[in-house]
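S.K.: Please put together the full structure from these sequences, using the hints given.
Under this note's numbering, the first residue of the sequence shown is numbered 1, with each subsequent residue one higher.
Rather than coming from a laboratory, the hints here were simulated on the basis of the structure. Each residue gets a CB set at the ideal place from its N, CA and C atoms; glycine is no exception. Every clue listed holds true.
What follows is a list of derived Cβ distance ranges for each label pair:
{"id": "1", "residue 1": "A86", "residue 2": "T46", "range": "38 to 46 angstroms"}
{"id": "2", "residue 1": "E58", "residue 2": "P81", "range": "33 to 41 angstroms"}
{"id": "3", "residue 1": "Q52", "residue 2": "K84", "range": "33 to 41 angstroms"}
{"id": "4", "residue 1": "R78", "residue 2": "G40", "range": "37 to 45 angstroms"}
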Amino acid sequence: MPIKNPHSEKTSPAVQVDLPPSKHFIGGEWVDSSSGSTNGSIDPATEEVHAQIAAGNEADVDAAVQSASAAFQDESWRRMPPAKRARILWRMAELVDENRANLALCESLDTG
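M.R.: Listed below in structure tokens is the structure:
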């Protein structure tokens, strides 16, 4: 008699997540892919597309690299007092902690 694997059946998540529009975050702004193309992100548990993700191309990568380079050259972060930088990083950690359930759910939907 075969043993049934309870994890082999498709299941749908108990909670639905309202995902923001699929865009790239470049230069401090949410921007569409320069091609307008998207790729479906598939929930491995259901094999259904649960989100459309902006499909980046060479132009999007170039824009992101230029933005990152400009941010690196900007001395405002380097000149900021360490205590102020620490407050910013602690706030980021607080936001991750406050949103951990949604972040975990999104990651689980994406990777299984």
